[in-house]
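Visitor: One-letter residues, chain by chain:
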Amino acid sequence: MSIINYSPKLSLCGGPAPTPTPAPVPPSAAASPNPSLELHVCMGLNACKGHDRTGTNNCAGTGACATAEQHNCQTLNNCRGQGGCGLYGDAEQQLMPGANECSWQGSCAVPIQAERFSTLGENAGKSVWLQARKLFEERMKKANRNFGPSPMKCGPPENWLTSVLGSYDSCGNSGDKRCSFGFNDPEKHAKELCEGKEEQD
Amino acid sequence: MVRTNFFTKQAEVTPENLGEAIQQAIEIEIATIPVYLYTYYSINRVPDQDAISGSIVQELTRAGRSLSEASAIALDLSADIMVYANKAGALIMSVAIEEMLHMALSSNLKQALAGLPQLAGKSPSTWPAYLPGHIPPFPINREKLSQDQLMTFLKIESPKPLTDPKLLAAPIPYETIGLFYLMIKDCIKNNDLYYNLRSPQLLPGKGYYAQNNIDTVYYDRDHKAHFTNAEDSGDLLHVRDRESALHAIDCIVEQGEGFPGAPGFENGKVDCSKIVPDDYDDPGEKELSHFEKFARIYCRHNTLTEKFKTNGIDTDITSYFVVNVQKNPSTVDYPPNIAPVSDLLNAVYTYLFVMVENCYMQAGSTQFEIFMFGIHKSMIFILNSICGDIMKLTYEYDGQTYAAAPTFEDYAFGLVSSPKTQLIELFNIAAAVYPTINYLGQRISDLPDVPLQVEGKFNNSGGYTSIKLNTSPC
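As they're listed, the protein sequences go chains A and B. The first sequence begins at 1 in our numbering and counts up one residue at a time. The second sequence begins at 202 in our numbering and counts up one residue at a time.
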C-alpha cells in the first residue's frame, strides 16, 4: 500500500472503522433479553406489548429493537425466526428475514439495518427490513391482530444502531452500504430504498 | 497434494477412463480456487479514500497545481480507485464462487458415472502450480493482484488455445479447459453409460448454492450496487442421465469461457474492445464469462493508469489498494507467531473439502446439516475471518516486510483422531500465540465432526463411528 499521511478532511469511504458513539440508552437496552419474550429480529417486528429490547412498547409492531440475540452474519442465529437475512443465503432464504425455519438458517445479521438490501431472489436490491415488516404484517393480519407503526418507517439506520448498541456490524467485504465516494447523497439512496426502489442499477 | 496420475495409457476420454477424466476435471477446478482466493484477499476492497485523495493532492500541488484544482482531480481519481478496488474484488469472488460450483457439478458427474469424487488433499502442493494436463503448461502463482496475475487468470479461462510453437508437436491432452470438457462430453454422448441414481449428490433447491452474496456486489461512483453474477447463469444440477450430464458440462464451460465463439487472446493480447453477446454466460446477458470478467479488470487497469498519467501521476495504481503479500508463501517460512495461525487456516480450508466429500456419502438432513452448518459456516464465518485476521500480521523475508497471507495449503490431517479434534487442537495453539482469534473458538467447536475419506472409504478410527453434529434441535 502507498504510504499516505495527508488528510484533506473529506468524509469519504474506507479507512479505519469509526469509533462508535457510547450508547445513550436505558441500562437494560443492551442486556440479554428476558427469555419469556418472543424473540424477533428488529424494530417494528414485535408481536406483543412490552416485547422489545427495552420492554416499553405499547403495541404490536411498535417495538424499538430486537429481542433475539444480536449477531453479525449468516449461520449465527440461535433458532427459528431469529435470523436477519439479506447478504448471504439462497433466493428462498432471502425472502424470509426473521422467519427462518431453524437455527443457523438466517442469512445475515440481527438487527436489520435500514440500509441492508437483499442480494438474491425476488427481493434482490430491495430493502430487507421492509420485507421483514411485510412478513410481520401478514402474520398479524392472519392472526386477527392490530399492530401499530414502526418507530422508524424503514427500520433502524446503521448509525442509529451503532449509537444504541455501542457497536454494530453486519458481514461482507464490499464496504459500507451507507457511503459516498463523493458523487452521491447517501440520504437520497436511503430514501429510495425506503420507498421500495431497487438498490441495483 | 496427492496428485492423480491421469491418462497413463491414452490421451482421449473413453468409458474406461471416464472416471479418471472427471477426477482430472475436479482437480482442475480445485487448482484454481486457492489462486483466485489468494489474489482476492490481497485486495483491500475498501481502502481509505481520504488518504488516497490526500496523497494525490500532495503530488499534484508539488507539481504546481492549485489546491482547489488538485482537490477536484483527487476526488475524481480517488473515486475511480474506490470503484476499481471494489469491483475487482467482487468480480474475482464471483468467479471463485462459480469455481466451487464447477467443483460440485463435476463431483455430481463423477458420483453418477464413476463413484465418489476425491476432493481433500487435491489442492496444489508446489508452487508455481500447473493445471493438470494443460498444454502448453504455464505457471500459476499465488500472487497479489497485478496485471501479470490477471494475465495468468486469463490463460486459465481462455476460450482459445494458448499458442506455444515449441509444444505443438507434443501430445495434446487438452488445450483449453473447454476442450477438455468437450472430450468428456463426447464420451458421454457417444456411449450408453450407466447412471448411478442411488448415491447422494449436491442438489439444487436446498440452499447450497447462491449465485450472489454481498461479496460479489460492488458499488459504482454513485454508490449504486451492482451484482456480478446473474441468477440464470447456473446452479447445481442433479446428474441423472445423458441430458443432465451434458447440461452440467455446458454450464461449467459457458461460465468459464462464454458461449462458443467468444473472443479470447488475439496474438497473445487481450481484446479490450466492446463486449459481444458471446462474452456473456447467461441467456439474459447479465453475467460475463470468467474470461471476460478478468479481461474487464485487466483493461480497466490500463485505462485508469492512462488517466492518472494524463493528470501527471505516474504510479502503479494497485499501490493504493493492494496489500504487499509475498509470492507463493509457505507456512514453514512463517515466523512462530504466524505459522500456527496459518496451520489453523489451512486446516479449516482442508476441512471444507473433507466435508464436501462427506456430503457425497450422506443424504437428506444429515447432508443438509453438514453443508449448511459445516461448509457455509466454515467458508463465511471461519475461513473468511481468519483470512482477515492473519493479514493483520507482518513478517520480514529477504529484507522486506510482508503482510502474512492465507497460503491455502492442504493440511495433512492425521488418522489417529478426527479432523475436528485436530482443528480444535490447532485453534488452541494458534489462539495462544494470537489471542485476536479467540472469538473463533465457539464457531470451530460448533462444526460437525466429519471423518476423513481414505482411499474412497471414510476413516472412523478417530473415535467417531458416525457423524456427530454439535447442533441443537430446534
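Calculated directly from the structure, the hints in this document are not laboratory data. Predicted model only: the values in this text are computed from it and were never measured. Please note that the accuracy of each hint is not assured.
[Unchecked claim] Here chain B is said to cover these stretches of chain A; the calculated rule only asks that three of the stretch's residues, wherever they fall, bring their Cβ under 8 angstroms from a Cβ of chain B:
1. 87–99
2. 136–150
3. 153–165
[As the list claims (entries may be wrong)] With a straight-line Cα cutoff of 20 angstroms, these simulated PhoX-like cross-link-like pairs (lysine-lysine) come out:
4. K49/A / K197/A
5. K425/B / K197/A
6. K126/A / K356/B
7. K425/B / K487/B
8. K142/A / K188/A
9. K126/A / K425/B
10. K356/B / K508/B
11. K188/A / K425/B
12. K191/A / K356/B
13. K49/A / K126/A
Cβ atoms here follow ideal geometry from the backbone N, Cα and C, with glycine treated the same way.
Visitor: Compare the structure with each hint and give your call.
Guide: Comparing the hints with the structure gives:
1. 87–99: Three-residue rule met by the segment 87–99 of chain A, so holds; n is 7.
2. 136–150: Our answer is that it is violated, as 0 residues pass the Cβ test (under 8 angstroms) against chain B, missing three.
3. 153–165: Per the Cβ count (0), the hint is violated.
4. K49/A / K197/A: 31 angstroms, violated
5. K425/B / K197/A: 12 angstroms, holds
6. K126/A / K356/B: Distance of about 37 angstroms is beyond 20 angstroms: violated.
7. K425/B / K487/B: 16 angstroms, holds
8. K142/A / K188/A: 35 angstroms, violated
9. K126/A / K425/B: With a Cα-Cα distance of about 12 angstroms, the restraint between K126/A and K425/B holds, given a limit of 20 angstroms.
10. K356/B / K508/B: 27 angstroms, violated
11. K188/A / K425/B: 11 angstroms, holds
12. K191/A / K356/B: Since the Cα atoms of K191/A and K356/B sit roughly 44 angstroms apart, the hinted pair is violated (cutoff 20 angstroms).
13. K49/A / K126/A: 29 angstroms, violated
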